[in-house]
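These protein sequence lines map, in sequence, to chains A and B.
Sequential numbering of the first sequence, starting at 1, is according to the working numbering.
Sequential numbering of the second sequence, starting at 1001, is according to the working numbering.
Each hint should be verified, as a subset may be incorrect.
[To be verified] Dumping the calculated DSS-like pairs for lysine-lysine here, alpha-carbon to alpha-carbon at most 30 angstroms: (1) A:Lys26 / A:Lys96; (2) A:Lys26 / B:Lys1066; (3) B:Lys1060 / A:Lys26.
To be clear, the hints were calculated from the coordinates, so they are not data collected in a lab.
Below are the chains, spelled out letter by letter.
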Amino acid sequence: MRETAIPRLGVGLAYQPALRPFIEQKRDSFDYLEVVPDILWTDLGAGRTPRYVDDEEGLSFLRRMAAGRPIIPHGIGLSIGTAHRFNRDQLGQIEKWFSWFDFPWHSDHLAYNLAEHGADEINAGVTIPLPRDRETLECLAPRVAEVQSRLAVPFLLENNVYFFDMPGQEMTDAEFLNALCEETGCGLLLDLHNIYCNSRNHGADPFRLLDEIDLSRVVELHVAGGMEHEGFYLDAHSGPLPEEVWALLDYALPRCPNLGGVTFELLGSWYETVGSEGLETELRGLRALWNRHQPAPAPARMEAVA
Amino acid sequence: MSAPAFQSALARLIVDPDFRDGVRERRGEALAADLTPLERERLLAVSVDPGLDVTRTLHKGFRLGKLLAYLPLTRALFDRDTLAREIGEFWRRRPPVSFYFLEEALAFCEYLLERIEEGELEVRYLEEIAAYERAALELQRSRPDGSRPPLQVVEFRHDPLPLLAALAHGEIPAAPERRCWLFGALEDGRLEWRLAAE
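Pulled out of the complex, with its shape left as it was, chain B reads as follows (with noise of 0.2 angstroms):
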């Protein structure tokens, strides 16, 4: 049975681009060996129709708008370019799993600082403020069993006050140096946050 195969191959060619564009390129070559000539057939006249341009386009934008609805303070510190570009390298990295987001969003933190640490990145705040939203998610994410999720601390090299408070309005502020920490907990359902400063 290759409907499986069929229907992997189908949703690649909406989800992964560079596998789209290897089986435009490449022909058949790309495409599983176990399908049927029908499927073959289909998948290949599906690659080049513009309507899968279109249902790519409606895919990203799903999957892209409910990720920056997470982390909207790292999106305002990005110019419009590089934000594409990180976000497509770290989509080629990891398929889409879910239709709940609050994952790719941390993991999407996670790789943006490890960038930052590997010298590929530099976006100013950026540490301190993908580091931020992560602690801030752990703290929302879903923890069926009822426990509280971990104490959260985060440090930062610029007051946190007014960077925050800019970034709320998609700014981005020249802020004072300050080193400090944030220490987060969820209290009754909220976010609750405590600044401690050297």
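Just chain A, same shape as in the assembly (with noise of 0.2 angstroms):
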């Protein structure tokens, strides 16, 4: 067993090209950055040398916002429940972010986009959920411990949303996701707004399964908007936090004893609709509920199985 110190960051913001101008203009506004590495540099494909091509502009715009804000990579692109391979030359490029930006964790997706086409592959652009099943924990964790043993900080997944839901499955979301860190050691980025909308679509009840989830391991909150469509409510970042999303960090804050942070996701396009004013309203109401729940300066702790 290792123990990591997780810093207590306070309020992020999840960065998008759009938001640069509040990005340097209210700075004062967000504690740290939380950037998708995966759209600061272009990945031409598996067997190409060098395969990925870094975005020098975006890099060097995040290193002057990198002056006294954390800046936390949440990657989109390990795809690390894929079953016929495990996408590791990423790992490479999380390793240059780390020599970079020494940030505190580190993050992805608890799901797959790419899969096996015939002798290639498809990248579905969605993260397709994975079946809470023992194979799929047994597929996932030799993966996290060799993300774990390449980057010494904690490595978190983030719950998934979903629309459809598969039968048979031997787990519940949340025996699946504590078995997961049981067993791998890894971190939770506990999506709010994503658990919001699977009750929604599906009829759970989400401050169950906040009571449910060992929240001892969730190191970091993400929160954001979303919209209706079709029947379903859609995961957009479109806009400010429903209320019931508000009232998910009110209960979830003072019961998530190791948290570093809690991050606000707004998609770029919604940017101008939801205006300046509107997301330092969002960060504003934020910090208040962090400050009121989790006033402790003392780093958190971290057990991750080495």
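If you follow the hints, you should be able to join the two separate chains into one complex; please do so.
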């Protein structure tokens, strides 16, 4: 076992290129920037050397913003649940980012987007849910271990949003997340808006789910707004938090003893609609809630299976 | 081990409407033989779940948004139905392979130019504009070895200056006929175009 200090960072903002003016002008409104690193490089594909081409202009912006503000990578390209191969080339990119930004944790999605297609692969461009089965955990465990062996900071996986469910799964959402953390030592990036979406679309009680999840494994929370579409509620990152997500956050914050931060996600194309003031209002509300429930300055410690 | 086959089929249910329809209509016959009974049961259940169509909408929205962001002028030339038909046919031939869509946008330009050459597609100015945006994308393509992209030459039969200016605002002008060429190069990281007329 090893222990890693989790700094209590506070309120984070998910980076989008369209938010750059806000990020530059309102730096005091957030405590860290979360960045999908995949949008700051181009992946030329497996077998190409070099495979990745970094976006130097985007990185230059981030380096300027990194002065006094942690940069936390939140990947979309690892596809850690892909059964036929592990996209480990991506880990080299994350290691490079670690040397540049020295982040206290990093994360990706508990899902897959890459799948076999004849002799090639397809990339669905969406996070496809994994069956909540023992076989899935057995696929994930060595991969999480490999990530942890290559980067000496906690690695988190984000609970997925899903619009269809599969029959005959061996575990509930909570049982699966708890087993994942227990058996692999990874932490959780708990997306409360995903929980809200799933509860609305599938009729579950989100507070009960929070009671069932081992919240000591949660290092980061995500919050966002969404929208209705053809009878479903979408995790669209399209605006302010719904009241129900504020309530979930209010419930979760004091119950997560090892929390490092809560991140607001807004898609760049909605920034004009929400506006600078609207975004600032959301961040201010998050900080007020954070300060009410997470006042302890002492760094949290997270145990991870070595 | 059939998990790869299961994941492949589940991903295809999302990205490939012909495959999805085949699974819905012929039930298990369209699925690979090496799936377990439980995997087959799951895929059949998902194939008729309304949540699958929502997931497909999200997949399509993501892919379409990324593709058209690279081709704003080409997009401006099309009416909604023709564009949907052409993209649908293009996607039928080319499954999604990456989060990075510049290559897909280049391939879509090639596809459109082939369709024009085969006489299957007739959209005013499209041959010139698709060739122009293809050339611009070639210049922007990532070159990890740091090499300069080759000079691009685009032939126009209409005056490109009013044509490109109007399309940039989403309008289709009555551009005067004028045989000329645009020469494109990357200078200090910026696209530079020079006009040469007959």
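Each hint tested on the structure:
no.	hint	verdict
1	A:Lys26 / A:Lys96	holds (28 angstroms)
2	A:Lys26 / B:Lys1066	holds (29 angstroms)
3	B:Lys1060 / A:Lys26	violated (34 angstroms)
Hint 3 alone, counting from the list given before, is not met by this structure.
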